[in-house]
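Engineer: Protein chains in written order, with the working numbering: chain A, 1 to 341; chain B, 1001 to 1334; chain C, 2001 to 2330.
Some hints could be false.
[To be verified] Far from chain A by the CB rule (all over 10 Å, computed), these chain B residues:
| id | residue |
| --- | --- |
| 1 | 1061 |
| 2 | 1076 |
| 3 | 1080 |
| 4 | 1112 |
| 5 | 1160 |
| 6 | 1201 |
| 7 | 1207 |
| 8 | 1288 |
| 9 | 1310 |
| 10 | 1321 |
| 11 | 1334 |
[Unchecked claim] Derived CB-CB ranges, DEER-like:
| id | chain 1 | residue 1 | chain 2 | residue 2 | range |
| --- | --- | --- | --- | --- | --- |
| 12 | B | 1308 | A | 15 | 56 to 64 Å |
| 13 | A | 198 | B | 1308 | 20 to 28 Å |
| 14 | A | 240 | B | 1101 | 55 to 63 Å |
| 15 | A | 80 | C | 2169 | 51 to 59 Å |
| 16 | A | 299 | B | 1156 | 47 to 55 Å |
| 17 | C | 2227 | B | 1283 | 48 to 56 Å |
| 18 | C | 2218 | B | 1295 | 53 to 61 Å |
| 19 | A | 313 | C | 2240 | 20 to 28 Å |
| 20 | C | 2311 | B | 1136 | 28 to 36 Å |
| 21 | C | 2240 | A | 8 | 54 to 62 Å |
In case anyone wonders, no lab produced these hints; they're calculated from the structure. Just so it is clear, the structure is predicted and the values come from calculations on it, not from any experiment. No residue lacks a Cβ here, since even glycine has one placed at the ideal position from N, Cα and C.
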Amino acid sequence: MSAFLEVKNLSVVFPTEDGRVQAVDSLSFSVEKGKTLGIVGESGSGKSVTSLSILGLQKGTRAEVTGEIWVDGTEIVSANEDEVRKLRGKSMAMIFQDALAALHPYYTVGHQIAEAYLVHNKVSKKQALARAVEMLDRVGIPEPHKRINDYPHQFSGGMRQRAMIAMALSCNPSLLIADEPTTALDVTVQAQILELLRDLQKEFGTAIILITHDLGVVAETADDILLMYAGKQIEYGTVRDVLQIPQHPYAWGLLTSIPRLTGDPNLPLTAIQGTPPSLISVPSGCAFNPRCNYVDQVGTLCASSVPDLLPIAQGQSHYVRCHMNPALRESIFTTQVRPHL
Amino acid sequence: MSQNSKVGNDSGEEIILSVSGLTKHFPGAKTSFFGKHEIVQAVDGVSFDVAAGESLGLVGESGCGKSTTGRLITRLLEPTAGTVVFDGQDISKLNNSELRPIRSDLQMIFQDPYASLNPRHTVGTIVSTPFKINKVVPEGGVKKRVQEILEIVGLNPEHYNRYPHEFSGGQRQRIGIARALALRPKLIVADEPVSALDVSIQAQIINLMKDLQKDFGLTFIFIAHDLAVVRHFAQRVAVMYLGNIVEIADRDTLYSSPKHPYTKALLSAVPEADPDAVGARERIRLTGDVPNPINPPSGCRFRTRCWKAQDICASSAPALLQIGQTQVACHFPE
Amino acid sequence: MLKYTLRRIVSGTLVLGIVSAIVFSIFYILPADPARLACGKSCTPELVQRIQVALELDQPLAVQYGRFIKGIFVGRTYLANTDAARTCSAPCLGYSYQTDLPVRQLLMDRLPATLSIAVGASILWLLIGLSSGIISALRRGTWIDRTSQGFALAAASLQIYFVGLILQFIFVDKLAWLPMPGYSSPFEYPLDWAKQMVLPWVTLAFLLSAIYSRLTRSGMIETMGEDFVRTARAKGLSSRDVNIKHVLRAAMTPIVTVFGLDLGSLLGGAVITEYVFNIPGLGKLATEAVSNLDLPVVTGTVLFAAFFIITANIVVDLLYSVLDPKVRLT
């Protein structure tokens, strides 16, 4: 079965006064229907830029997008704005971190959901509003026939995000991109929203791209993880593989540095030294090398050449971009990293 | 609604801060033309003690009053009622000039390292301001002392003349910590000090604050929404909900056997970065959002989202009572 | 909403009271004596005194002001109990010292000209300002944008009297395409009215459309960066729908406010425009009254202008609550 979404060698460059900024660099991944891919990275890693490229929202801006993005048989990068526009909202939809900012302050929630449905369906305004009520009900908003007349500011944070989801799913898209959908929410509400997304996915077989910085959220929601650093994918595999036998020193750093509810809280956290690089001055070679604890293991290679993204073993679907050989990585992981997990 | 029973630890350590019946009501919008202002009950009858050298975590979701509590303790806000006894003195009703000598002992670290530093001042100026305000001249001069502090918090002392925008988010939070540390305060209130930072930077700052606490014998009140972060920093944890403390206990007790349903739900909602833990843990899904603090539910404020709620929960507010190692405000504790 | 409106009307009326009191006091402490000015060349001290009594200038300030306010609400009678008694019915604003005509009548006579200028010019500047601003914002950075904004900057820095006189010189004096500006009744002589009004409209709109163009452009560009615009595009809306229904709708709200206030202050008298083109409007009436120290007319025009500005403020605030659902009027 071919994947619903397939991204091949995606690169996005922004020409700026300080030079050309490579926000995304030769990214390749795929998502099948009914599956969730978690794209994980810190600020400036290129994860949000990637999602905007998939929706083709950078068309008409100065961003230079190259590579291929196949959505349901249509190639987005080379398609014209009108072709992509017909897919937006219908085949692929997006929800954002800050639902209050992402909803129009002057239109009612019902109007905004109905609008999304009206664009792609030949129905009356009344039918579209009925669809809005149905969708609000589906995402768990009580008294939806009344609440469609509310404005976004009259909703609570959790309800706004539910309304965003209702809007995004109103046309039954096959792909949903969720950009930090729960970051602005309280943890009990976050749990509700993640559960709702899982339920809806089961019901409609939606492919989901979940963009987040939170490895916990990914572990609970995603099937696959794509770990990004300075615009490049540095590790890619199933959730189980990446979280349990992580290969990249950055993944090691992230997993050992996050505070958890298990383990000895008196031990200091294993912090990653330094700070994420600015995209204007990405370190040469492996972008992570100035922060990597194991940079000495392979001579001067790390600072001089960019490692390729390779499967950790022949025939494996777990990829990593690191100069260390698999045996060396395994021995470091077992002796120095696993004890801290 | 107030929780009058004293919350503290009884181990006979020196109590540096004792908060009792602390309440803050903000005026909200007017209800009608001639009506009164609505009242936002941000903090309502909060009591606890903090021992010298201890770090107390204050956790809860948005609107629970944890940040307001922090600002009341550091007297950036004036309490509506209740007392804040710091180092033997009730500071809850002091005016600005009376507060000045206390400020050097009572410092605050803020969430947003971008907004809390003046962009037009150099790092040197920012960190030396506390000395100037309090007219303190340290041994060897202000500059030497500031550079020492910069080094302590992991910044390059040669960056004395740089401006905040030249630093990354994590480094800026270090500047904020340096400023708070300048006068060797006795108590630091840290309000969400790591939540604006990248994941890989959070651990650096948590480790730094932990080291400082150990090295200088500082007392910390650590305010955060992230239970995992609090677990790595605080020795004792108070859970707040809608302006009340619902549970307070030492860390291990609270995390291993939460007594209040809200604490339990909160803990079960934290996503864990471990695929094996997913599904293995008991899940409690609260319905709905936190209610509006303008019109909090009667009786127990958590009852509208609680799966254990009975009639009594609506009619009477549970007092914070000692059950084993824990103090909990619930009619039906676990 | 009703309560809010009522409260605003009450407070607006209070402001009018304060404005009138201030104007009254200023004239009272001025060294010039209106009675002397009204007396003319062959003046005697007796005559001055008689006029003073006739104009009630011999009364204390508080009494004068009290009678003035009473006149507005219930009318008043001058020189009561004498042969020369005359009754001025409510709302009475007194009589002009200069012409002895009721101020109310003077204001009503002058209002249509000002109204013509204000309404005509505002339609023109809205049309030009908004459309050029929208086009500039949508074609940001292109030659269309740069040209129109360059024009706007130049136009905004030119003064009305300068533009007015230049236009009059070209179109009236040299080309003779247009008659001398002035005012004819639009009901009796609609064509003359329009021809005479063209220059004042264009002149006023020249400056204001430049300002509105820049306002619209910056509002649109700012809104285009908002998250909800990205959401609208992500829904698959055409760029036309995105720009009109989402961007323009949000960007219009502050412009409506500015427009309401501009129109309000213009209705009180387009002072410079009326002066330049010698049009008998409220602004011209006010300038003439000030230079003649014609206290009742000055007070009348100031109150009239203040009334328009306060009304515009209330209307704008009410409108804002309709346009922006987040605004709660309390």
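Engineer: Does each hint hold? Answer for all of them.
Structural biologist: Against the structure, the hints come out as follows:
Non-interface status of residue 1061 of chain B relative to chain A is broken: a Cβ of that chain comes within 10 Å, the nearest being about 4 Å off. In this structure residue 1076 of chain B is separated from chain A by more than 10 Å, as the shortest Cβ-Cβ distance comes to about 24 Å. Its beta-carbon lying about 25 Å from the closest one in chain A, residue 1080 of chain B satisfies the requirement of being farther than 10 Å from that chain. With a cut of 10 Å on Cβ distances, residue 1112 of chain B stays outside the contact zone with chain A, its closest approach being about 14 Å.
Consistency note on residue 1160 of chain B: stated as away from chain A, and its beta-carbon is indeed over 10 Å from all of that chain's, at 20 Å minimum. The Cβ of residue 1201 of chain B does not lie farther than 10 Å from every Cβ of chain A; its closest approach is about 6 Å, which violates its non-interface assignment. Listed as a non-interface residue, residue 1207 of chain B fails to keep its Cβ farther than 10 Å from every Cβ of chain A; the least gap is roughly 5 Å. Not every Cβ of chain A is farther than 10 Å from the Cβ of residue 1288 of chain B; the closest lies at roughly 8 Å, contradicting the non-interface assignment.
No beta-carbon of chain A comes within 10 Å of the beta-carbon of residue 1310 of chain B; the shortest separation is about 21 Å. With a cut of 10 Å on Cβ distances, residue 1321 of chain B stays outside the contact zone with chain A, its closest approach being about 24 Å. In this structure residue 1334 of chain B is separated from chain A by more than 10 Å, as the shortest Cβ-Cβ distance comes to about 17 Å. Between residue 1308 of chain B and residue 15 of chain A the beta carbon distance is about 60 Å. The supplied range of 56 to 64 Å therefore holds.
Under the hint 20 to 28 Å, the C-beta atoms of residue 198 of chain A and residue 1308 of chain B, about 26 Å apart, fit the expected range. Taking the beta carbon of each, residue 240 of chain A and residue 1101 of chain B are about 58 Å apart, inside 55 to 63 Å as hinted. Take residue 80 of chain A and residue 2169 of chain C: their Cβ atoms lie about 53 Å apart, and the range 51 to 59 Å holds. The beta-carbon spacing between residue 299 of chain A and residue 1156 of chain B, approximately 29 Å, falls outside the hinted interval of 47 to 55 Å.
Distance hint check for residue 2227 of chain C and residue 1283 of chain B: the Cβ-Cβ separation is about 32 Å, which falls outside the suggested range of 48 to 56 Å. Evaluation of the 53 to 61 Å hint for residue 2218 of chain C and residue 1295 of chain B yields a failure: the beta carbon distance comes to about 41 Å. Distance hint for residue 313 of chain A and residue 2240 of chain C: a CB-CB separation of about 53 Å, inconsistent with the stated range 20 to 28 Å. One distance hint, 28 to 36 Å for the beta-carbon pair residue 2311 of chain C and residue 1136 of chain B, is violated here, with the actual separation near 59 Å.
Taking the beta carbon of each, residue 2240 of chain C and residue 8 of chain A are about 33 Å apart, not inside 54 to 62 Å as hinted.
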